[in-house]
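Enquirer: Chain A is fixed; fit chains B and C onto it per the hints.
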Amino acid sequence: MSGILAQYDSLGATRQAIERLRSEGHEQLDVFTPVMSPELEEALGIESSPVRRWALIGGITGFVTALALTSLTALAYPIVTQGKPIVSLPAFFIIMFEMTILFSGLFGFAGVLFHTRKPARRLSPHYRPAFSNDRFGIFVPAVGATEADRVAIERLLRESGAVEVEVSE
Amino acid sequence: MNNGDGSIDNNGGTTRREFLRVLGVAGAGAAAVSCGPPDTGDRLIPYLIPPDDIVPGTNVSYATVLTGAGPEPLGLHATVRDGRVMKLEGNPSFPHRGRLSALAHSALQDLYDPDRIRGPLRRDGSGPVQAAWDEAIAAAGSALTGGGLVLLTGPATGTARRFYSEWVAALGAEWMAYEPLGLEAHRTAQRIAFGRDEIPLYALDEADHVVCFGADFIGTWLAPVELAARYSASRFVDRGRHAKFTFVGPRLSISGLNADEWVPARAGTETLVALAVAHEVARRAGGGRAARVRAVLAPYTPEAVAETADVPAQRIRALAGEIAAARAPVALPPGTAAQGVTATDAHLAVALLNYVSGASGRTVRFDGSMVRGRAASYAEMAGLVRRMTGGEVTTLVIAGANPAYGMPKASGFAEALERVPNVISISPHLDETAAAAGWILPSHHELEAWGDAEMGSGLRALAQPVMRPLFDTRQREDILLQLAEEAGRGNALGASDYRSYLQATWQELQATSPDASRPFDEWWREALVSGGARITAAAPAASSPPLTAAAASHRFALAEAGDELALVTYPTLQLYDGRGANRSWMQELPDAVTKVVWNSWVEIHPETAEPLGLSTGDLVEVRTEGGSVTTHAYLYRGIRPDTVAVPLGQGHSEYGRTARGRGVNALDLLDGASDGRSGALAFTGTAVSITAVGRRGRLAIMQGHDVDEDREIAELMTAEEARTAIAGHHVDLSELVEAAYDSDPNSPYRWGMSIDLNACTGCGACVTACYAENNLPSVGEDLCAQGREMSWMQVMRYFEEVEDGFQTVNVPLLCQQCGDAPCEPVCPVYAAYHTAEGLNGQIYNRCVGTRYCANNCPYKVRRFNWFTSEFPYPLNLQLNPDVTVRSKGVMEKCTFCIQRINRAKLDAKAESRLVADGEIQTACMQSCPTQAITFGNLKDPTSRVSVLARGARAYNMLGELNTRPAISYLRSVTHAALVEDDHGQGGDGHG
Amino acid sequence: MTTDRAAMATAEIEVPRESLPTLADANRDISRPISPPRWRYWLVLGICAALILAAAVAWTIQIRRGMGMAGINNPVNWGVYIVTFVFWVGIAHSGTLISAVLYLFRSGWRTTINRAAEAMTIFAVMTAGLFPLIHLGRVWYFYYLVPYPSTRLLWPNFRSPLVWDMFAIGTYFTISLVFWYLGLIPDLASLRDKFTGVKKKLYGAFSLGWQGTVRDWSHYRRLYLYLAGIATPLVLSVHSVVSWDFAVGIVPGWHSTIFAPYFVAGAIFSGIAMVITIMIPLRWAFGLEKYLTKYHFDNMAKLLLVTSLIVGYAYAMEYFLTWYSADPIEQESFRWRATGYYAGPFWIMMFCNVVVPMSLWFKRTRNSLAALFVVTIFVNVGMWYERFVIVVTSIAHEFEPGGWHVYTPSLTEITILVGSFAWFFFWFLLFSKTLPVISIAEVKEHLAHAHEHEHRE
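Chains as they are written, first to last, in the numbering used here: chain A, 2 to 170; chain B, 2 to 992; chain C, 664 to 1120.
With the rest of the complex left out, here is chain A:
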């Protein structure tokens, strides 16, 4: 899918560019950044990630699994030690705690992979190696846009401080 890819060398410029593009009605932006930046998320109006729900579900799963593992195995082959009850919950709780954390962590990671479609074999055609180094990138899709539109976008991008603007197929 073709469009216009602009590279920036500063966070601020990128951010302003995004704001202006969105005000011009360009919502479908692909923004690349070498650093984590809540500001850009803000600018793009990205709502907070659903990953935490994954973690929550993971945590609950872990807790229940541990409860089942400890109690049911103890009941399956009941052996008394030091006159303690077969299901010694206080002792078993430690296992439950650990497995809660284990599962929620792993689920969370799975969540990220899922939502970010990772691992990905191929990179996006609009990605440039510089984006992992010191460049920020904004790709504005211009499918079926007229020549005039393209020019307008390019100008807008340059004005907002793009150091490099190209047409990316």
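Please keep in mind that the hints were generated in silico from the structure rather than gathered at the bench.
Glycine included, C-beta positions come from ideal geometry on N, C-alpha and C.
Possibly wrong hints are sitting among the right ones.
As the list claims (entries may be wrong) - Derived coverage of chain C by chain A (criterion: at least 3 residues anywhere in the stretch with Cβ under 8 Å from a Cβ of chain A; other residues may be distant):
id, region
1, 811-818
2, 830-837
3, 844-854
4, 876-884
5, 1048-1058
6, 1106-1112
Stated by the list, open to error - If you want the ones that stay clear, here's a sample from chain B, every Cβ over 12 Å from chain C, calculated:
id, residue
7, Lys88
8, Pro156
9, Arg328
Expert: For chains B and C alone, kept in the frame of chain A given last:
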């Protein structure tokens, strides 16, 4: 099967068939023969046609008797499984009441000794070389004809005695019985005092006051198992008895440690103290006896002896007062432990004391119940040595004795032996004497042989082979017969082999026995099954022979007390005269006094050690006129500052891998001085000097700390406290002891144990019994020193401070089978868990070896297998098939002999009943000479153990931890006055 | 938000504004060490390998002959192995603490050390994890501890603290790994874009095709925050559980309720010390002066001082409680600990952990890397001895006086102890030449904001 078969078939006429028949008669006898020990133990060959009387996996028990395990003959039930003996238990029909000493248990290791001689040997220049029996008998036999023949054996009673005397008569030889720890001084003293040439019985169980002038009657003297039992009977506090026990002497032996009071008389002055006490008693007592001895005792006033003996006069008076006041006092003689150059007079002095105190005839009786084989005194042996050196002895046959080790260097026996042209040794072991012999004819072990022994009071025990001989050996007497035959005097004894000789003798005995009327075969069979027979009517009533005039006017020889250190050399109950030294069980049994294993030491009082800068473990050179040895110092508060003591039994140059080159031989220190009257070797009184070598040695001591820090471990209470506590205590038979609830509610059992610390003497028989029953490995000195011993049971010896001095509480320590066991929950794999019957189970094949359980055990009774233990053939034949042999990396511990519990439960189930009280005996309980241990079911409110557990003296070890142990200890009771804090401890009742 | 971050960034990187490194600089500088090593590196690596081999041989012999090759005995059934196990678990605590806790506290100075610290955590756990196996009497049956449906129908005993350990440490390792790897992904991406050929392929594969779109970053940021959130209680739980190995036992000197906080403080203490010990040579070797500055070491030194005070307080508390308990057995244990056979280790511990760190009150000590290095070495030694004192002196001298016995480590144990350090540094060396020892992405994040800040003015 080269070993067993051959030895039987050409066994001087005992053919396999006869052998079979006789054993068959003995009941399931074929078991012992038709299924001998496997050659290597690594092959399992099923029977083609199984014998009818062998049920695989079940034990057969044979009655026999052991004469070589300490000073007293011990009747046995030998437990045999598939043709090999695994365990020895006492035969209750004899005076030792079916109890055994540690040394007796270790007879198994003597039988299965890997170093035993496996066939006849001839010594040429290079050393012993294999020989054939015929060749050996021929060569050795021919040497007998030349005259100058001496037969040297151990002391013998019964048929053996007759056999030897007839043998020497037939060959015109001379017979000498050699016993390093003989009773000759005692015997002589009795002859002088009462004209009775025998050993009296000391009926401690009837006494209410016991004074001991040194005899180690609990460990090594006269009849330790029987006397210990009698002694503890005199202190059954629960039955209102508690005889006071005072020990007089320079060093506290295991017997001394059991005493309520210690009168530390200077070494060699026991005579004086005894005389002074007798003097005082005579003064108070009055009456005919007093009058009779007043003259001879006149010079020995307490004041007169106080200085020499270093005992305050009032102390002697007090002692005399107690004896005079006592209803049935008894005084024990010095025995071997205090045997000096005036030994006879010391024994005589004690005899006088017993006479004047009225003990003679009451608690000290000549009722023929103490029969001991006569032995040549050291003086006579010295005479033999002279004759050997003088070339008068051309042939010396040594059967079952080891004088080359037992005679002090100073005697020059070893050198003299080299001078004798023909030395023939008949012994199961290649000991110092055998090694010096020209011909070595290996004899059966006692457990493989026929024989009998006089058990006293007209009882005679019969010894039969309990299993087929392990090696190419022969019955000792058969060898002698064959030699005689070779020498052309075979028919003189009227028997071709000893078994028939024995049977013939018994036929004669029956004629005079109460059962004269019965058919012999039946009587003999019964004797074989029951272990013996009564051959004379019951012993005569206690006679009190009059004091001889000689005694009444005896001039006592007194040892002059020098101002240098005095030496005491004494036998230990584990090595005895050294015969225990090649048995790893005995080397690893902690000494009752010092808790040292696998080594020698010299006991020094801290005050004496302090100026020399010595501490326990430092090397010390001990020097006397006779010689010197270098060994480890052991600081011991139970010895006088002017005395040092070295144990006997170590320092072998031969005898086997375990004994050789271990420790030092204390006999090297003796100058060969002997008692003037009896000729007995003087073990004590030698002047000695000690110098620090300046190096530390390694001494493996199996107890980390000597006091229990008032932690409710070793509890002591006074006799008064005990009396009031017991009087005010009522056991409600309707309710259970708390620990009874710590098993599955549906199980009828909660196994428990009670250990009476007042009865425990610390002899360690239980420990060795446990080794035998549960396949415990002996790990050797290195590992012991590192704290890696494997004993499931230890006897901790704790000192409790009391007014003037200390008391000893011996605490048998084994797994407490806690109801609330800290070891169980920490095991990640359930290897440690609680069984339905309340035991702490330990699943060996589940254990991964985290050792957390051992860390969490407050009693420190769990043992970890740091390595895989070795049981070199034939020791592996002794292993109990009912008990797993553990491998490296596994935790193990006592489980109340669970294999015995299970067997009893199976029997009960077969008869659809519950296990009865007393039906199960754990190995330790079975062995205990003083019956300190009781095992049983705590859920049965009337079982002995459950009653004891609720008794007035009962408490749980470390009770404050609330581990709810299944073992309840019963407080030890003393006549000494406790110091305050102990008092508080002793007072608060737990049970 | 932006401004104070910027302020922080500039504050951290104490260099004049105008010469503030660009993002490209950061990329270049931090990934420079990832290049073919010189002979010195190979030498050190070789030594480590040799020591590991020696330890492996020692262990093999121990397995063949039996645990007796170690010096332990009855009653001292646990020795150097367990001591070293606890030591390494302790070391493992700095990493996640710095990454997670400091992240939550928004203390930005963590940025330049968290990567190395987390790596340390992982390698320390890998080291610690070996010891429970090494100390096992029958290691070939270690799987009896693992809950799996076996033909014996028997499962592990979840009441046993040793099983808790397995779960706690397993979880800790996994979560730390995930946390570390998550942080690595953007850096792996920039390495992918830096290199060519095989390296590109490898880093590419591990970067999972990361291309840093804002949307991806938003998920990433969420999880990072979340992991920081759950890792924090995890850090606290792990050493608490380890401490319960002892506190659950009835052994006087072990059976104490203060053990959990006491152990956690000790762990953080030792962890920070180890971080500093490693960071100082690293900074010098890789020329990271511009990013690892006095400011960071000063902060870590302060953290070290604080934890040292906590640890010292715990020691004091142990003795106070013992006195207050009025339990003679407990009191005897602690008397013996300070005056008995093991008084040496005890006072070494006191000196190294309580006395020496007090020098950190002085700014001069905190700012002299040499001094700091020496102090942390003392702390490392001291903390090993602390565990020795706790484990060994307690069981050597407990309830049954007749059973008292002391213990001295054997050659086998020492070899394996040394080997464990070699093993740890072996992995760290590999890491230091293959992955950025400082988080490039996070440094760039700060720089980006810093530049932003510049433009504003």
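Enquirer: Run every hint past the structure and note whether it holds.
Expert: Verification of the supplied hints:
no. : hint      : in the structure
1   : 811-818   : holds (count 3)
2   : 830-837   : holds (count 5)
3   : 844-854   : holds (count 4)
4   : 876-884   : holds (count 9)
5   : 1048-1058 : violated (count 0)
6   : 1106-1112 : holds (count 4)
7   : Lys88     : holds (26 Å)
8   : Pro156    : holds (39 Å)
9   : Arg328    : holds (38 Å)
Violated hint: 5 only; the structure is consistent with all others.
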